[in-house]
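Peer 1: Residues per chain, in single letters:
Protein chains: 2
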Amino acid sequence: MISQVASHYRDIQERACEMLENADGAAKFSRNSWEREIGSGMTRVLENGEKIEKAAINFSHVSGEYSPEMAKMAGRSAGSFAATGISSIIHPVSPMVPIIHMNIRYFELNDGASWFGGGIDLTPHYVDKAEASWFHKKLKRTCDQFDENFYPDFKKQADDYFFLPHRNETRGVGGIFFDQLEPSKEEEFDKLLGFSSALGYLYPEIYSQILGEKSKLTYTENEKSWQYLRRGRYVEFNLLYDRGTKFGLASGGNTESILLSLPSQANWQYQYVPDEGSHEEETLSLLKKDIDWINL
Amino acid sequence: MISQVASHYRDIQERACEMLENADGAAKFSRNSWEREIGSGMTRVLENGEKIEKAAINFSHVSGEYSPEMAKMAGRSAGSFAATGISSIIHPVSPMVPIIHMNIRYFELNDGASWFGGGIDLTPHYVDKAEASWFHKKLKRTCDQFDENFYPDFKKQADDYFFLPHRNETRGVGGIFFDQLEPSKEEEFDKLLGFSSALGYLYPEIYSQILGEKSKLTYTENEKSWQYLRRGRYVEFNLLYDRGTKFGLASGGNTESILLSLPSQANWQYQYVPDEGSHEEETLSLLKKDIDWINL
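Those sequence lines, one after another, are chains A and B.
Counting in our numbering, the first sequence tops out at residue 1218, every number present.
Counting in our numbering, the second sequence tops out at residue 1218, every number present.
If you're looking for bench data, these hints aren't it; they were derived computationally from the structure.
Think of the CB as a built atom: it goes at the ideal place given N, C-alpha and C, for glycine as much as any other residue.
Just so you know, not all the hints are guaranteed correct.
Unchecked claim - Derived DSS-like pairs (lysine-lysine); straight-line CA-CA distance at most 25 Å:
#1 B/K1210 - A/K1168
#2 B/K1168 - B/K1078
#3 A/K1168 - B/K1051
#4 A/K1211 - A/K1051
#5 B/K1062 - B/K1210
#6 A/K994 - B/K1168
#7 A/K1168 - B/K1211
#8 A/K1113 - A/K1136
#9 A/K1168 - B/K1146
#10 B/K1146 - B/K1051
#11 A/K1210 - B/K1146
#12 A/K1062 - A/K1210
#13 A/K994 - B/K1211
#14 B/K1051 - A/K1146
#15 B/K1168 - A/K1211
As the list claims (entries may be wrong) - Residues from chain A that face chain B, not an exhaustive set, calculated with beta carbons under 8 Å:
#16 L1103
#17 V1157
#18 E1158
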């Protein structure tokens, strides 16, 4: 099964790179294939584009024995695994354009278990309610094509997962997140592979549209500074909590590819508090769980 | 016992701030006392000085019940604890000046156990062998006043602790690190409190001397860019591995104080490789464990 999934994911990676190159209009993705003891992958990176500062779309197909640390993370005692997935993060040039992240992955264990996982979430530097609502509707429409229970379930999981407990704030306006989605029979495998792939195709479509609309907006130096502070939060989430990052580093993956999720530049400022009534303050007030973005 | 230690540590914090203000010559430390359910603390921060970009010297005195996560980190099943400590990191303006870190702490558990922990380590953006050797000699001299076994033991522990496995590099040129140093009788408590305090006084003395000598050096824009990349590694260590950060965030400490260890700005660049024969390449070649800096 896994080679079928890997083949779909490779196509999705190619297609997403093409679409995002078109949306940027200037820069191209580099192509770096890597092989290590654990498996192989293809890292594609676009840097210093006109609209995109740094985009990474990683494909990997790996297998091995669980280390004790990995087994604990997967909730298993031991065993061997095979996994394939795409992981992507895009940091835009403009603070008016959100950061976006997408991951789709498939796991097979030697005990017969297999599952899909993944998600898409949006991290605006400035929350735009209309954009967040549109984004969630796009996700819901794709989810509903496969299962009407998916969107409400996975939206809640995203709220819980993309959360910084030490800041008591969500990473952004959320999206969908799911893990250990196990196909119980063959038709279900096809359905879940279809769902996972649909998310892979939806991702560059959503971001191309946002880039086209929001990259035109002008911005100030203060707004640029705020973007660097928000990127600091993104770094905190990825290094403190992100399971993909931890699993990747613990499993001996390609460090440079895994840490492509980090922005080119991030800043920290002690006890920064936005002005009352500012857009920055409004954004902080909207970084909460359980907001019904679709019916806001 | 703990209030005696806390009282010493408060004095050390005051003294270190004074010495570092003198060394900077321009900026002053702010003073923020905080109280939470868990205890209280005093956070002192100097930002945008002439030689120091960001220095934080935190004092805290806390107590509470172990959360399951904290108990695991402390290797205990459960119970209540009291702890007091100083934690400090200084990020300089100039890339020619190293980053420095110091921590001293004392723990008491309700089962009667108590111990000291701490360390000082130096993270040059550019490794200067003479400076590293001088730094290790200063540490050894202070250690030797208390116990000749301390320096070799704690130097090795620093090499192992201040290490980024995913980069296969040490954070800098190391220093000393120790944990769970338990006083077995009262004289030993006095000795260990003396040792811990001596490190607290040594720290600003060492850094004042380095600042005085190295801040005079000129540097290029390329050297400044390299500093931002090295700070990226510092962020990776602190968020991925540093036990103090993890323990602090897990115990419900003051997030803004704990994350003062992060620099004002850090950068990441995909697959950056320094030029052959450059000072940057030389620095990478010296970020290794088990270098005998004193007899280099």
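Peer 1: Sort out whether A/K1136 lies within 25 Å of A/K1113, counting only the CA atoms.
Peer 2: 34 Å, violated
Peer 1: Verify the proposed pairing of A/K994 with B/K1211, using a straight-line Cα cut of 25 Å.
Peer 2: 29 Å, violated
Peer 1: Next pair to validate is B/K1168 with A/K1211; report whether the Cα-Cα distance is within 25 Å.
Peer 2: With a Cα-Cα distance of about 23 Å, the restraint between B/K1168 and A/K1211 holds, given a limit of 25 Å.
Peer 1: Using the nearest Cβ pair, does A/L1103 come within less than 8 Å of chain B?
Peer 2: 27 Å, violated
Peer 1: Given the hinted pair A/K1062 and A/K1210, is their alpha-carbon gap at most 25 Å?
Peer 2: Cα-Cα ~19 Å, so holds.
Peer 1: Straight-line Cα separation of A/K1210 and B/K1146 no greater than 25 Å?
Peer 2: Distance of about 38 Å is beyond 25 Å: violated.
Peer 1: Hint validation: A/E1158 versus chain B, beta carbon distance must be below 8 Å. Holds or violated?
Peer 2: OK, holds: A/E1158 within 8 Å of chain B, min 6 Å.
Peer 1: Between the alpha carbons of B/K1146 and B/K1051, is the straight-line distance 25 Å or under?
Peer 2: 20 Å, holds
Peer 1: Is B/K1210 close enough to A/K1168, meaning Cα to Cα at most 25 Å?
Peer 2: 23 Å, holds
Peer 1: Given the hint that A/K1211 pairs with A/K1051, test it: the Cα-Cα distance must not exceed 25 Å.
Peer 2: 14 Å, holds
Peer 1: Does A/V1157 meet its interface restraint, that is, does its C-beta lie within less than 8 Å of any C-beta in chain B?
Peer 2: 6 Å, holds
Peer 1: Given the proposed pairing of A/K994 with B/K1168, does the C-alpha separation stay at or below 25 Å?
Peer 2: Holds. A/K994 to B/K1168 sits at ~18 Å (cutoff 25 Å).
In this structure, the earlier hints numbered 3, 8, 9, 11, 13, 14, 16 are contradicted, and the remaining ones agree with it.
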